[in-house]
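Protein chains in written order, with this note's numbering: chain F, 2 to 198; chain L, 2 to 198; chain H, 2 to 198; chain V, 2 to 198.
Since the hints were derived computationally from the structure, they do not count as laboratory data.
Hints may be right or wrong, so weigh each one.
A pair holds if it fits inside one copy or across any two, identical chains being indistinguishable in the list.
As the list claims (entries may be wrong) - Only pairs whose alpha carbons sit at most 25 Å apart, straight line, appear in this in silico DSS-like list of lysine-lysine:
id : residue 1 : residue 2
1  : K146      : K72
2  : K72       : K119
3  : K119      : K146
Note that this is a predicted model, so its numbers are computed, not measured.
There are 4 protein chains.
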Amino acid sequence: MVPSDLANSLAEIGRRMDSRAWVPGSAGNLSARIDAESIAITRSGVHKGRLSTADIIEVSYEGEPAIASQKPSAETLLHCQLYRLFPQIGAVLHGHSVAATVLSMQGAITFSNYEILKAFGFATHELDVVLPVYENDQDIARLAKWIEPLLVRDPPIGYVIAGHGVYAWGTSVEHAFWRLEALEFLLSCELERRRLK
Amino acid sequence: MVPSDLANSLAEIGRRMDSRAWVPGSAGNLSARIDAESIAITRSGVHKGRLSTADIIEVSYEGEPAIASQKPSAETLLHCQLYRLFPQIGAVLHGHSVAATVLSMQGAITFSNYEILKAFGFATHELDVVLPVYENDQDIARLAKWIEPLLVRDPPIGYVIAGHGVYAWGTSVEHAFWRLEALEFLLSCELERRRLK
Amino acid sequence: MVPSDLANSLAEIGRRMDSRAWVPGSAGNLSARIDAESIAITRSGVHKGRLSTADIIEVSYEGEPAIASQKPSAETLLHCQLYRLFPQIGAVLHGHSVAATVLSMQGAITFSNYEILKAFGFATHELDVVLPVYENDQDIARLAKWIEPLLVRDPPIGYVIAGHGVYAWGTSVEHAFWRLEALEFLLSCELERRRLK
Amino acid sequence: MVPSDLANSLAEIGRRMDSRAWVPGSAGNLSARIDAESIAITRSGVHKGRLSTADIIEVSYEGEPAIASQKPSAETLLHCQLYRLFPQIGAVLHGHSVAATVLSMQGAITFSNYEILKAFGFATHELDVVLPVYENDQDIARLAKWIEPLLVRDPPIGYVIAGHGVYAWGTSVEHAFWRLEALEFLLSCELERRRLK
Chain F
2 MVPSDLANSL
12 AEIGRRMDSR
22 AWVPGSAGNL
32 SARIDAESIA
42 ITRSGVHKGR
52 LSTADIIEVS
62 YEGEPAIASQ
72 KPSAETLLHC
82 QLYRLFPQIG
92 AVLHGHSVAA
102 TVLSMQGAIT
112 FSNYEILKAF
122 GFATHELDVV
132 LPVYENDQDI
142 ARLAKWIEPL
152 LVRDPPIGYV
162 IAGHGVYAWG
172 TSVEHAFWRL
182 EALEFLLSCE
192 LERRRLK
Chain L
2 MVPSDLANSL
12 AEIGRRMDSR
22 AWVPGSAGNL
32 SARIDAESIA
42 ITRSGVHKGR
52 LSTADIIEVS
62 YEGEPAIASQ
72 KPSAETLLHC
82 QLYRLFPQIG
92 AVLHGHSVAA
102 TVLSMQGAIT
112 FSNYEILKAF
122 GFATHELDVV
132 LPVYENDQDI
142 ARLAKWIEPL
152 LVRDPPIGYV
162 IAGHGVYAWG
172 TSVEHAFWRL
182 EALEFLLSCE
192 LERRRLK
Chain H
2 MVPSDLANSL
12 AEIGRRMDSR
22 AWVPGSAGNL
32 SARIDAESIA
42 ITRSGVHKGR
52 LSTADIIEVS
62 YEGEPAIASQ
72 KPSAETLLHC
82 QLYRLFPQIG
92 AVLHGHSVAA
102 TVLSMQGAIT
112 FSNYEILKAF
122 GFATHELDVV
132 LPVYENDQDI
142 ARLAKWIEPL
152 LVRDPPIGYV
162 IAGHGVYAWG
172 TSVEHAFWRL
182 EALEFLLSCE
192 LERRRLK
Chain V
2 MVPSDLANSL
12 AEIGRRMDSR
22 AWVPGSAGNL
32 SARIDAESIA
42 ITRSGVHKGR
52 LSTADIIEVS
62 YEGEPAIASQ
72 KPSAETLLHC
82 QLYRLFPQIG
92 AVLHGHSVAA
102 TVLSMQGAIT
112 FSNYEILKAF
122 GFATHELDVV
132 LPVYENDQDI
142 ARLAKWIEPL
152 LVRDPPIGYV
162 IAGHGVYAWG
172 TSVEHAFWRL
182 EALEFLLSCE
192 LERRRLK
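Sequences and hints are given; from them, build the entire structure.
This is the structure in structure tokens:
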């Protein structure tokens, strides 16, 4: 069962992501941890800026829907993986921004000396922080398997799938959105910075 | 007769297009199939972000208004053509974005390896998909005649009229808007990508 | 006396301009013709995105406020001039966009082959249309005097004051906004186009 | 005690800054002078676009919270400094825009000949006005100490902390927002201008 306040939170975040044009068409997916057995995630084939609570469904940590006729997001296993690997994660948000999509197709992304890096728990801005870019793969299970050792060895501040989009997470739905906003801000800065040099 | 729910859907999509600045002034036009004889389309000379249901009028598949005094969009024949050629199309949306206008004046547009291409029914992102650019023509009947064999031979994911704007379509008004959002997202990515190289 | 519906129209257009970030701070000014003796114009020193009807005051065609204590916009004479020269003008809108400001500091602006040029009454898109750029001058009376013969000889589709912003007009408040939207769209396209070449 | 109208003003400005994407995550801070002893400032760790009046707390001119358990913004001392040095300042706003962040990492920022410079009290646009860029420092007390003589000797129109963001101020909360809007407009113009040359 998806608690209604959790479903409402996710629907509200979807509207905020939509107001930034981060969920074009039926792209993007949003989830939150319910408990040690269940995750709430957006259904496949709905516009994430116009979610009703019926569009937030329950899945297991293996990505199986609690109600078999409900089709969860195609990328559900990437969400499940994060909840399994990192107990502190309470919510995961995936959007498609122009900055993330374009930069990820250019190669590696590093953020240097930005104050807003402190949003990710660093004590200082005087850093070079890598945002991992993983190659896209339509076989999500295979993609998840391949990135798992990378996530475990070097837990990142988020990641981007090339030509696809950002994955951000936090301890709660609201906190995950703050981290997504901060990442998208950094990506926009990088895009502008590269244009100027 | 234009069913009121259809008129309201189109008016709502107009507001969403306006919030993205895709219908400047009285530019753009929106339509939906009513049945085998009639199409609902926006009147000429109204702001598509501020439509009332009275601004959505009925036309035949030949573009003739059911009420003679009502003036349909100047580009009505382009909408009618799509309904005639492709039975699965339920709605057609035409807007003017900066990305579409500028890119179309530069020549051919191809999208390569973008995840969001899957919004158009492709099974993978590993593709080069052409978005046709047709030369503008004030004689809409002539333009429609010229592009017809091209549409039939190679049904595209949408098209752009050079220096003018995007045509997108879908099985319903909402679905057409998702396809328009996805196309505009791809066009924005292309614009940014070309600036970086 | 400013008719309340006219004041409300102008306040609403101010909100629409603000939602596009075209009236930063207290910049910009909006007016409409009341009759052969009076013009309604925004007061000086108010945010044009947050106008109350008390912020729309009456002035004469010489720019003199009907109520002496009310301070009209610093650029009132530019509005008055347009109403005097062109009887068909019903409203004049002046905003500050990044595109207008930056392009006008680069020199001449010409729009070629854009479909949306038809919003200005041209029958075709196959044109080169000049948007005049006038040099800025803190002495508004002097500026108005200097541009008058230029406006009369070659009535433009609007104009830009260098490093300052766009002046657009139309037969009504709504129509003036459509023309402003179309001009700002063209300016955004030009900015993007120049970056690509 | 924070007067409720002041708290509501600040919360409203936070929403306006958020609609422009100037307060990503928990970044940014907003304050207003209460009287000769107290300042109202946003708490640390809240989203400035979603402030409740409980998120606006009282601090002394030394940055000490009136209620010890309340944690004011990390940058409180920069706000206090401005109120202490400049009696006319009634409110201070700090946001993070892409333009400010990227330009400040490139070096000095000068605005030349922009009309909107008049928003800062200059009588003309024919000027070169420097917007100081100060190097970032996690030790805010040290940063404040270092910039104090610079602020006193040459009171600026605002300032930017490199890779961090803009500080703007005015005689009231609303006036400070107008100045922030004008500064961000100038920064956006500069970013575009540099891309074109």
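Hints, one by one, checked against the model:
no. : hint        : verdict
1   : K146 - K72  : within (22 Å within a copy, 42 Å between copies)
2   : K72 - K119  : between (37 Å within a copy, 17 Å between copies)
3   : K119 - K146 : between (30 Å within a copy, 22 Å between copies)
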